[in-house]
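Q: Going line by line, the protein sequences match chains H and B.
For the first sequence, our numbering begins at 1 and goes up steadily by one.
For the second sequence, our numbering begins at 399 and goes up steadily by one.
Honestly, I wouldn't trust all of these hints.
What the hints assert, rightly or not - Some chain B residues well away from chain H (every beta-carbon gap over 10 angstroms; in silico): (1) Gly446; (2) Asn466; (3) Leu471; (4) Gly574.
As the list claims (entries may be wrong) - Restraint ranges, calculated between C-beta atoms of paired labels, are given here: (5) H:Glu84 with B:Lys552: 25 to 31 angstroms; (6) H:Glu67 with B:Glu646: 43 to 49 angstroms; (7) H:Val276 with B:Leu570: 46 to 52 angstroms.
Rather than coming from a laboratory, the hints here were simulated on the basis of the structure.
Keep in mind it's a predicted model, so treat the numbers as computed, not measured.
Beta carbons: idealized from backbone N, C-alpha and C, even for Gly.
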Amino acid sequence: MKKLSKKKRKNLLLVRDGFVNTVLSLFTCYLLSLLFLNTSFFNPLSKALKDFSFLDVYYAERLDPQEAVNTEIVLVNIEHQSREDLALSLQKIQQAQPKVIGFDIILKTFGKTASDSLLAKLLKHENVVQTYIFQPDSSNTSSHTFFKSKAIRGFANFNFNPDNAVIREFNGFYESEEEMLPAFSSAMARQYLSEDVWNSRELDAKLENSRVINYQGGLDHFINLTASQIMELEDLSLLKDKAVILGYLGSPTGNSFDIEDKHFTPLNAITAGKSVPDMYGAVIHANILSMLISDRFMYKISNFWMIVLMFLCSFIASVYFIWLNKRLKISYRTVRKAVILVFSVLLVWIALLLFKSGIVLKIAPIILVTVFSAGFVKYYKHLIRYIKTKRKFKSYIK
Amino acid sequence: MERIFLSRLVGLVFFFITGSMCFGQNYYVFKKRGKPAINATKVLDRGGVFSAADTLHMGENDYVLFVNKIGELFELTDANIYAFSAITDYKKKLENESFTKKYFVYVWQQFTNQHKRKQEAGVVYREERNVALVSPIDSVRTGSPEVKFSWNNKTDKEELFFFLRDLKTKHLTKIGLTGNEILLNVDNFILKPGQTYEWSVSDAAFPNLNELQFNQLNVLTKEQYEELLKEMNTIITAFKFLGFSEAEIQEVICLDYKFCSF
Chain H
1 MKKLSKKKRK NLLLVRDGFV NTVLSLFTCY LLSLLFLNTS FFNPLSKALK
51 DFSFLDVYYA ERLDPQEAVN TEIVLVNIEH QSREDLALSL QKIQQAQPKV
101 IGFDIILKTF GKTASDSLLA KLLKHENVVQ TYIFQPDSSN TSSHTFFKSK
151 AIRGFANFNF NPDNAVIREF NGFYESEEEM LPAFSSAMAR QYLSEDVWNS
201 RELDAKLENS RVINYQGGLD HFINLTASQI MELEDLSLLK DKAVILGYLG
251 SPTGNSFDIE DKHFTPLNAI TAGKSVPDMY GAVIHANILS MLISDRFMYK
301 ISNFWMIVLM FLCSFIASVY FIWLNKRLKI SYRTVRKAVI LVFSVLLVWI
351 ALLLFKSGIV LKIAPIILVT VFSAGFVKYY KHLIRYIKTK RKFKSYIK
Chain B
399 MERIFLSRLV GLVFFFITGS MCFGQNYYVF KKRGKPAINA TKVLDRGGVF
449 SAADTLHMGE NDYVLFVNKI GELFELTDAN IYAFSAITDY KKKLENESFT
499 KKYFVYVWQQ FTNQHKRKQE AGVVYREERN VALVSPIDSV RTGSPEVKFS
549 WNNKTDKEEL FFFLRDLKTK HLTKIGLTGN EILLNVDNFI LKPGQTYEWS
599 VSDAAFPNLN ELQFNQLNVL TKEQYEELLK EMNTIITAFK FLGFSEAEIQ
649 EVICLDYKFC SF
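Using the sequences and the hints given, assemble the complete structure.
A: And the structure:
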């Protein structure tokens with residue numbers, strides 16, 4: 001009975017040591033991160049880390065299940081067509097009776113020509129959504145007043161986080177002083193879905209904050225045609241009741257060396273380091289629109305739960321490595337490294353499994369902090385030994 | 399009586415729904431290569447419709463990827479004539495490898511340093527942007543009643559000009575056309591037996607004929623053809639004895655002995 005209580009006491013000491021090690025390591029980690037982020041010398045490194053996510057592996061390595069082609073959205077590549085050709089293409093698309101047409105093009109000047117007049121008339125149709133670049137601190141960049149007056153419009157910005165070069169999240173609305181401004185894809189989705197469907201799915205509430213984009217695929221995931229191909233088609237039933245996005249998709253379509261309106265996304269085959277942009281803006285809008293109309297949102301785990309998980313993993317790691325440190329004398333470092341490696345691989349696997357189910361758990365900080373706590377055990381051990389030289393102190397560590 | 403009526407009504411409704419589902423299903427061209435055609439006449443373009451009343455004609459090197467209304471893909475690669483109902487047999491299977499397997503294979507590749515590497519080289523590729531003459535090759539003799547001229551257009555222009563020069567009379571025939579081939583009959587008008595011609599294709603209506611590459615073509619008379627055939631008979635018999643097919647023998651004789659049938 002007495003022996004059992006001694007064991008229990010030992011276990012309690014182990015838990016206490018684990019807890020103290022966790023708190024100390026998290027505090028040190030926090031201080032170091034402040035130093036790291038605020039020192040200009042580390043700027044390139046911290047910027048690279050900001051743009052890195054383990055979850056990108058999900059798309060980059062094609063771990064996502066292959067899905068059927070999206071037939072609800074049709075992309076039309078305007079290449080370098082003249083305004084006249086653009087107007088004629090838009091006119092022909094309109095004849096096919098699509099539910100909504102997204103015009104992802106800014107026409108800065110007005111030429112007082114017949115083609116510009118036709119284009120302006122077509123752009124004011126009730127199912128056409130125009131776009132502009134929203135700049136909170138200065139005037140917006142948009143089409144000439146002649147084109148945009150009385151038109152339905154949505155901002156083309158994906159999100160308002162200027163630090164991240166990789167487009168992972170999007171803002172559905174921007175709350176200005178006067179009104180709620182919709183994003184281009186939100187405005188298109190609102191036109192595509194009926195008001196009842198929009199309200200029953202509570203999309204206004206879902207789009208209050210920025211959302212992680214549920215990417216379905218690149219250009220090949222959507223039906224895409226050039227404007228000149230549209231002009232040659234006799235039967236345009238393909239476009240009937242669909243959402244059509246007119247934008248730039250390279251010249252020729254999908255040209256990997258063409259980077260006009262091309263951005264970095266998690267689908268980029270290179271997850272870290274230098275690479276070229278991988279997805280055209282119109283395709284990103286199509287992915288967002290697809291997510292909105294199919295109601296397949298991603299759910300991000302809040303910062304509170306992230307901190308709880310971070311603490312929990314650090315605590316378990318601290319307790320385990322303090323215990324292991326006492327048991328193994330020679331092989332401790334090797335075993336520690338092996339365990340950390342297996343732990344990281346398994347944690348990334350769990351995070352990717354959750355991502356597959358629509359739950360976004362940012363795993364990098366959890367892994368970093370847990371590994372830091374595991375390494376901190378060595379310093380904690382020295383600290384306890386130092387305290388023991390000064391005063392009597394009960395600890396699991398000898 | 400009412401029950402019979404009800405069952406008939408249910409059957410009729412079922413027939414109507416399934417029927418309308420079958421006939422309402424169209425295929426759209428998602429991707430294509432070559433010149434796949436509907437009903438042998440209309441070339442299919444991207445976004446084009448393939449409906450129940452049509453047949454698809456696929457030639458050599460043609461490729462079509464159809465998509466239906468629910469996003470399923472149907473891949474056709476072989477030269478053949480396809481009925482609408484046959485397309486379902488060519489459904490492209492989606493990759494369904496286990497997520498966990500893919501992840502651990504990736505991790506293993508990272509540990510064993512098997513990730514893809516690319517050699518970086520500071521260079522660009524440029525091919526000649528001209529019209530490459532394909533067939534008939536240069537200095538060919540033929541006894542065929544018709545000759546198909548074909549070429550590969552590597553320029554951006556769609557409209558090309560076909561030139562045929564009679565070496566005896568020096569008469570130059572020019573034909574403006576789109577596409578990559580033209581079939582001419584030995585009709586004693588444009589092509590005459592016993593005459594030698596030069597042919598070429600250019601994207602310019604008035605090219606410098608001295609700089610233009612011409613292929614020579616000798617149209618044989620019946621007598622010349624039979625005499626040449628007699629000379630080739632020994633080789634043809636030898637090839638047959640070695641087990642080569644008719645098509646292979648014709649190809650070899652055309653390439654090596656410049657005696658072709660088109």
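Q: Take the hints in turn and mark each one as holding or not.
A: How the hints compare with the structure:
A beta-carbon of chain H is positioned within 10 angstroms of the beta-carbon of glycine 446 (chain B); the least distance is around 6 angstroms. Remark: the non-interface label on asparagine 466 (chain B) conflicts with the geometry, its nearest Cβ contact in chain H lying 8 angstroms away (cut-off 10 angstroms). A cut-off of 10 angstroms between C-beta atoms contradicts the statement that leucine 471 (chain B) is not in contact with chain H; the least separation is 6 angstroms. With a cut of 10 angstroms on Cβ distances, glycine 574 (chain B) stays outside the contact zone with chain H, its closest approach being about 20 angstroms.
Under the hint 25 to 31 angstroms, the C-beta atoms of glutamate 84 (chain H) and lysine 552 (chain B), about 29 angstroms apart, fit the expected range. Against the hinted window of 43 to 49 angstroms, the Cβ-Cβ separation of glutamate 67 (chain H) and glutamate 646 (chain B) comes to about 45 angstroms, which satisfies the hint. About 50 angstroms separates the C-beta atoms of valine 276 (chain H) and leucine 570 (chain B), a value consistent with the hinted range of 46 to 52 angstroms.
Against the hints set out earlier in the document, violations occur for numbers 1, 2 and 3.
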